[in-house]
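**Student:** Listed below, chain by chain, are the residues.
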Amino acid sequence: MNEKQLLSVDGLSVTFSRRGRDPVEAVSEVSFTIAEGEHVGIVGESGSGKSVTAMALMGLLPERGTTVEGSATYREQDLLSMSRRQLNQIRGSEIAMVFQDPMSSLNPVVTIGTQISEVIRRHHRVSSKEAANRSAEMLDRVGIPDPRRRLREYPHQLSGGIRQRVLIAIALACEPRLLIADEPTTALDVTIQAQILNELKELVADTGTSLIMITHDLGVIAGLCDRVHVMYSGRIVESARRYQLFTTPRHPYTGGLLQSVPRLDSPQDEPLRPIEGSPTDTIPWTDGCAFQPRCPHAIDQCLEATPHLEPYEDRMLRCFNPLKGDEDDKRDR
Amino acid sequence: MTSETDEVVLEVSGLKVHFPIKAGSLIRRQVGAVKAVDGVDLTVKSGTTLGIVGESGCGKSTLGKALLKLIKPTEGTISFDGSDISQIYGERLRRLRRRMQMIFQDPLSSLNPRQSVETLLTEPMKAHRLDFDPKTKVAELLDLVGLPHSAANRYPHEFSGGQRQRLGIARAVALEPELVIADEPVSALDVSIQAQVINLLRELQERLGLTYIVIAHDLAVVRHVSDEIAVMYLGVIVEQAPAEQLYEHPMHPYTKALLSAVPLPDPKAEDERKPMLLSGELPSPADPPTGCRFHTRCPFRQPTRCADERPALVEHSSGQKVACHWADEIASGTITPREEQDAVTTAR
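Sequences listed follow chains A and B, in order.
Its first residue numbered 22, the first sequence is counted upward by one per residue in the working numbering.
Its first residue numbered -11, the second sequence is counted upward by one per residue in the working numbering.
Keep in mind the hints are simulated off the structure, nothing from the lab.
Among these hints, one or two may not hold up.
What the hints assert, rightly or not - Simulated restraints on C-beta separations: (1) D167(A) x Q18(B): 28 to 34 Å; (2) A127(B) x G86(A): 42 to 48 Å; (3) G2(B) x G86(A): 57 to 63 Å; (4) D161(A) x P230(B): 40 to 46 Å; (5) P230(B) x V130(A): 48 to 54 Å.
As the list claims (entries may be wrong) - Straight-line alpha carbon distances no greater than 16 Å define the calculated EDC-like cross-link-like pairs of lysine to aspartate or glutamate that follow: (6) K4(B) x D29(B); (7) K25(A) x E50(A); (8) K222(A) x E260(B); (9) K309(B) x D29(B); (10) K33(B) x D215(B); (11) K256(B) x D247(A); (12) K262(B) x E223(A); (13) K222(A) x E258(B); (14) K262(B) x E220(A); (15) K244(B) x E59(A); (16) K222(A) x D259(B); (17) K262(B) x D286(A); (18) K256(B) x E220(A); (19) K125(B) x E164(B).
As the list claims (entries may be wrong) - If you want the footprint, here are the derived chain B segments under chain A, 3+ residues with CB under 8 Å: (20) 180 to 191; (21) 229 to 238.
Predicted model only: the values in this text are computed from it and were never measured.
Just so it is clear, CB atoms sit at the ideal spot from N, CA and C, and this is done for glycine as well.
Please construct the entire structure, taking both the sequences and the accompanying hints into account.
**Tutor:** What follows is the structure, given as structure tokens:
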């Protein structure tokens, strides 16, 4: 791909420190790029650092007690060292974010119409009437029936699915170049999730918006993203194009994850093969590989040295003992 | 998934749970009712698992609670081992409850944070005044769910989510019940942990000969544990069939939509998958649509009959029970869904 890079994140790390406690490195050594119009997925379980990565890029982490290192170059500017004022110009108009919980991200005492117009008028000099028209148009585009009436309603009057659509409408109101969606459908039912993912897919394709999709659901990623980064314990452990990642996972964690999720299209009687232990059974990356305590493929080296994210075959991988070809890993595990 | 006998453990007929809606400040009058469960018939055979799936608000959790009489049913009978639970009270009900237990969704809020694991696990026996040796019983239970014996003196907050759910399961099987109702047993857990708990549930069923009712919104999870599956929509069962058959040949339009909406972790399948998108959202159970509950969102809807007449759950040639007027026509392809374009325009 020789498309133009829109955002390139290099060596991002986030450390939270509190007085009297050891600092916690929530994210470290995270590097990835996203081209214009590209859709990138970040998968991981709770605590893997996927949301913190997004918050750091948007400058949404609290300043006190947080150390953010590395760089995130967005169109030749570094998002991480930018002043609050510069950031405010970019956020909302160029880079927008959709959060998981629509109830807590909407203001409960302000009408939907005001909340969408606010974003539009913050970034464009338009009359309130014009902003209201655009708001109605946005609601219509995300598939909300009767948009004019909805503009006058408050968040509590809407169902979960409609609220999430409103959030997407707000995020896309200023036609951003990059949309970061953090678990946008996790709180919703499957049939509503299908509607929203479908609309989101069409909207980003129509407008050529780049997308960073953060989720724990491998299914959501499989249909939506060109490239996928798998995170474990704060670091990217495997990055690959989606076909390669899903058909020939190389990191034992990715492989384990794919085998442990119950699927609709696998034989029913086949027992699931879970990853042993839990995400809390981990060792610091400085002592070796954080996945070592749960890894069926661990070798001595995994406890002695820290693996680095390096090119391996057709992808980037952080592992000393990767899974082998298709046949092999079926027998192995 | 174990030795099936034809012995029926639980038989439910015409079960309704309505929650009254009241209005008026001085004189409270009932002005309506939320029909959470509105006429459900079920039979569960000994040693098998019945899965109940549906979206939030369809009444599946209310149904689960009503089966244990944690909520009083408005109408209908629940016969457990020959006696009608809805008519039993006091001491007799308490004794019957020993044989039916529940596993809850959120293990942290269902385990008392101030009780040690030993106290938590022995409480059911104390409540039922059973004779037992606490040390050996606790060790036995911990072995059963795969936790170390050292767990006995620890407290719930010291465990991870998956381990807590194991404790919840240990407590549920402590009394050696016959029937266990699990309400969303894995939905609060991380993906890599869900499989562990699902496998544990299956293993316990084999070892203890349990009968399960598993309530969940995740179709893939339910499929992995169930022999028979019932799909609920707005307080009624719209389709019930053996698990494999339901997934291979869904007959009710809602089941079809539900199955096609699940994203698969496989890019190839994902590129080919055509989700059957439903228009609109779940109507309010306080004011459900007339006729077929699903007709307002159904892409196969036919004029008048669907809106006028409520379909009954009828057994079809394949042994599948479906509540749809046009199930056979849809299966044979004589009725096709309205065009997707059409569905989108009506949604707007």
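**Student:** Does each hint fit the structure? Answer for all of them.
**Tutor:** Hints, verified against the model:
Between D167(A) and Q18(B), the C-beta spacing of about 32 Å keeps the proposed range 28 to 34 Å intact. Checking the proposed 42 to 48 Å range against A127(B) and G86(A) shows it holds: the Cβ atoms sit about 44 Å from each other. Restraint check, G2(B) to G86(A): a C-beta distance of roughly 59 Å satisfies the suggested window 57 to 63 Å. Roughly 44 Å separates the CB atoms of D161(A) and P230(B), a value that falls within the hinted 40 to 46 Å.
The supplied range of 48 to 54 Å is met by P230(B) and V130(A), whose beta-carbon atoms lie about 51 Å from each other. The straight-line distance between the Cα atoms of K4(B) and D29(B) is roughly 10 Å, inside the 16 Å bound, and the hint therefore holds. Under the criterion of a C-alpha separation no larger than 16 Å, the hint pairing K25(A) with E50(A) is inconsistent with the structure, at around 23 Å. Proximity of K222(A) to E260(B) is assessed by CA-CA distance (about 15 Å); at most 16 Å being required, the pair is judged to hold.
In summary, the hint linking K309(B) to D29(B) is supported, as the alpha carbons are separated by about 11 Å, within the 16 Å threshold. Using a Cα cut-off of 16 Å, the hinted pair K33(B) and D215(B) holds, with the two alpha carbons roughly 10 Å apart. A distance of roughly 13 Å separates the Cα atoms of K256(B) and D247(A); the hinted pair therefore holds under the 16 Å criterion. Taken as a hint, the K262(B) and E223(A) pair is honoured in the structure, with Cα atoms around 14 Å apart against an allowance of 16 Å.
With a C-alpha separation of about 13 Å, the suggested pair K222(A) and E258(B) falls inside the 16 Å cut-off, and the hint holds. Restraint check: the Cα-Cα separation between K262(B) and E220(A) comes to about 14 Å, which is no more than 16 Å; the hinted pair holds. Using a Cα cut-off of 16 Å, the hinted pair K244(B) and E59(A) is violated, with the two alpha carbons roughly 32 Å apart. Restraint check for K222(A) and D259(B): satisfied, since their Cα atoms lie roughly 12 Å apart, inside the 16 Å limit.
Between the alpha carbons of K262(B) and D286(A) the distance comes to roughly 15 Å, so the proposed pair stays at or under 16 Å and holds. As the CA atoms of K256(B) and E220(A) are separated by approximately 20 Å, the hinted pair breaks the 16 Å bound. This hinted pair checks out: K125(B) and E164(B) have alpha carbons roughly 12 Å apart, not beyond 16 Å. Coverage of a stretch by a chain is defined here by at least three residues with a beta carbon nearer than 8 Å to that chain's beta carbons; for the region 180 to 191 of chain B and chain A the count is 8, and the condition holds.
Residue count for the region 229 to 238 of chain B with a Cβ under 8 Å from a Cβ of chain A: 3. That meets the three needed, and the coverage hint holds.
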